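Novice: So the chains spell out like this:
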Amino acid sequence: MADHSLSRRHLLGGAAALALTPLSRARAAGTLTAGFIYVGPKDDYGYNQAHALAAKALKGMPGLEVTEEERVPETNAVEKTMESMINLDGATLLLPTSFGHYSPYMVAEAKKNPKIQFRHCGGLWTDKDPKNAGSYFGYIAQGQYLNGIAAGHATKSKKLGFVAAKPIPQVLNNINAFLLGAQSVDPSITCQVIFTGEWSLAVKEAEATNALIDGGADVVTCHVDSPKVTVETAARRGAFVCGYHVDQSPLAPQKYLTGAEWNWLPIYKGFVEAMQAGKVPENFVRGGLADGYVKMSPYGPGVSDAARKNADAVKAEMMKGGYQIIKGPLKDNAGKEILAAGKGYPEKAAELESTNYLVAGVKGSV
Amino acid sequence: MVADAAVAPVETADPPARGLQARAWLARRSEAFLIPVGAALAGFVLFGLFLAALGKSPLQFVDIVYRGGFGSSFALGNSLQRAAPLLFAALCVALPARLGLVVIGGEGAIVLGGLSAAAAAQPLAALPPALAIPLMALAAALVGAVWIGAVGFLQAYRGVNATISSLLLSYIAIALSNHLIEGWLRDPASLNKPSTLPVGDAFMLAPMPGIGVHWGLGVGVLSCLVAYVLMDRTTLGFAARIAGGNVRAAQIQGLPVGRLIVGFTALGGAFAALAGFFEVVAVQGTANGTLAAGYGYTGILVAFLARQNPIAIMPVAFLLGGIEASSGLIQRRMQLPDATVLVLEGLLFLVVLASETLYGRLHLFSPHLWATKRAAAALPAGAPA
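Chains as they are written, first to last, in this note's numbering: chain A, 1 to 366; chain B, 1001 to 1385.
Note that these hints are calculated values from the structure, not bench results. Predicted model only: the values in this text are computed from it and were never measured. Any given hint could be a false lead.
Reference listing, derived: stretches of chain B covered by chain A, where coverage requires no fewer than 3 residues with Cβ under 8 Å from a Cβ of chain A [what the hints assert, rightly or not]: (1) 1096-1109; (2) 1112-1119; (3) 1218-1229.
Sample of chain B residues lacking proximity to chain A, with all beta carbon distances greater than 10 Å (derived) [said to hold, decoys possible]: (4) V1146; (5) F1153; (6) L1185; (7) M1208; (8) L1255; (9) G1294; (10) R1307; (11) P1315; (12) L1364.
One-sided and incomplete, this derived list gives chain A residues near chain B with beta-carbon spacing under 10 Å [as the list claims (entries may be wrong)]: (13) S84; (14) N113; (15) N356.
Virtual Cβ for every residue (Gly too), placed ideally from N, Cα, C.
Next up, chain A with everything else stripped away, as it sits in the complex (with noise of 0.2 Å):
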């Protein structure tokens, strides 16, 4: 961090950086000005700072501006966000990260600026909505099925933590990844969940995590904006911990053994690339560990070599593409089938994005 005290030089540096900026950035023909909209902080070690650091990456990019904006609701103010990033700073590709900035606000934006092209994380682009418009995601729950199997490779316990924010497709689908790569080392481990019912509440979080631990957890991961507080409450508590969204290894280098993390750079170079080339970016682009958009944190101390071996192993399967984390015979956490043996669902399979259960052996409810 710098140093922010108040000292004469800042304030002759600040009163000399008078000169001020024109309205519109001066920019060379055919360079294009990419607007990254982020609903918060982009060094959230989170969700927030996965997109952020593609932003950072792509900024090395010949012929490319990059423009961010971080906290912007998900309200009318991000409509506001894009028509300025597009008035103001001439960007004619634009990627609001947060799922509650695509309708209506993205859609009504795509319509009304035709040659503007929208690209957004999370949300489900069909034919039906407009072509200058598109989603992207990636297939998170490989990531917490290889952090599961690292956790059950490393629980004394038997007994898993899971801190998640909303009883949602995606937070369930990790919530079912993460057991069930623990229950691939040993069956009869059992996973606790909590729902804080917010995307980022510290305090709820850190209460999760406590209570998470008290109940017998000696490994814990979540599904929440922020893992921060998530990740340093468990080691300071001494149990073991998955990352999620980015590497938070550097919180706790004992305890962490290896997290899932989103990659966004591929998405953001080929909708670049692919512009600069005079071409409309795909307008749906979804993929896991094979086609790079999801990366494993490395491993950390905690991880024996038995369990890097199991999960590299199942990692290279995973590489294939089309691995069946959810396969029959399987049942929910109430008992009843949801998949009878022979079928599977593949990491594209469409159900999974509807998915609205906890798999047996998860104690929770949705």
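Got chain A; can you put chain B on it based on the hints?
Specialist: Frame of chain A, contents of chain B only:
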């Protein structure tokens, strides 16, 4: 500056008493205007020092706020759009404040208002929009009135502190709303962002003609005017202000203090709920977790900066709308984090609160300063000298 123009009054041999009275009146009245404006300016200066300490230019900041919030028709529309919900939210603070209650839980009434409007849309679906939309607004206003009216009731009849009860009730409102949106009222098709069923295109309000901002702005301005007339130009408002000034005196006068408190808090809650109503019928089309967007909390700042005056709420909401509208440009042009604008808002709030202690203490605003000795002797004793 009003006071500057009146500096060094010209002494005449026998000044007409009317002119003196006017000057003394002006000095007294300008206090209510100059102290908050001065405080706001002081807040901006402090913030300028903060920016300079970060090595950023305060002038560039002012320039960007102007361009981002006020300098073009796009910027003005952006500011007005952000000001709209703040008008309602600020009224929910200002009306109870005139009765001496600090209500900070308007966010809860906004959320429940939006939820009620969306929930009412389903049973009203068969009605024509011209009838159904006002009924949705009524449903929202009623729920908001009951919610914040309960705060007034608890204060007036059970002695529960309105600040604390309103804040706690707003948490309950948001939790209740989330529970309903994720349960009974959930649209099964809303998978990853639980929402109520859409109210439908027929029940959505088009923007106001000419400025492209939704009708929440027009109705919000109207609400401020109504609130002003009610508060400052009717006997009911007069009674409320007496109750706010001195409860015992009001009771001795036979004023129904309890009912006044419940009535005005309920009215404030109804206004806040309208902010939620417009979020649903003019912006989002459904009720979901985003209804708790923080307008209720920014509304507290607006009301205090406006010193609880419904007329002053309008320019203050516009100013804060403009600052928020320019926050994106501040990030993109000055590479400052979004929290910068929160620092500014927090500084303004603190300085304006601190300036409350100045009223009646500054010699500048004393009528005695502006009257001749002879006329001053005629003024009532006890006025600050």
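Novice: Run every hint past the structure and note whether it holds.
Specialist: Going through the hints against the structure:
1. 1096-1109: Coverage by chain A is violated for the stretch 1096-1109 of chain B (0 residues, Cβ < 8 Å).
2. 1112-1119: violated (count 0)
3. 1218-1229: violated (count 0)
4. V1146: holds, 24 Å
5. F1153: holds, 29 Å
6. L1185: Given a closest Cβ separation of 15 Å, the condition holds.
7. M1208: holds, 14 Å
8. L1255: Holds: least Cβ distance 41 Å, greater than 10 Å.
9. G1294: violated, 8 Å
10. R1307: holds, 27 Å
11. P1315: holds, 21 Å
12. L1364: holds, 31 Å
13. S84: holds, 6 Å
14. N113: violated, 13 Å
15. N356: Holds. Min distance 9 Å.
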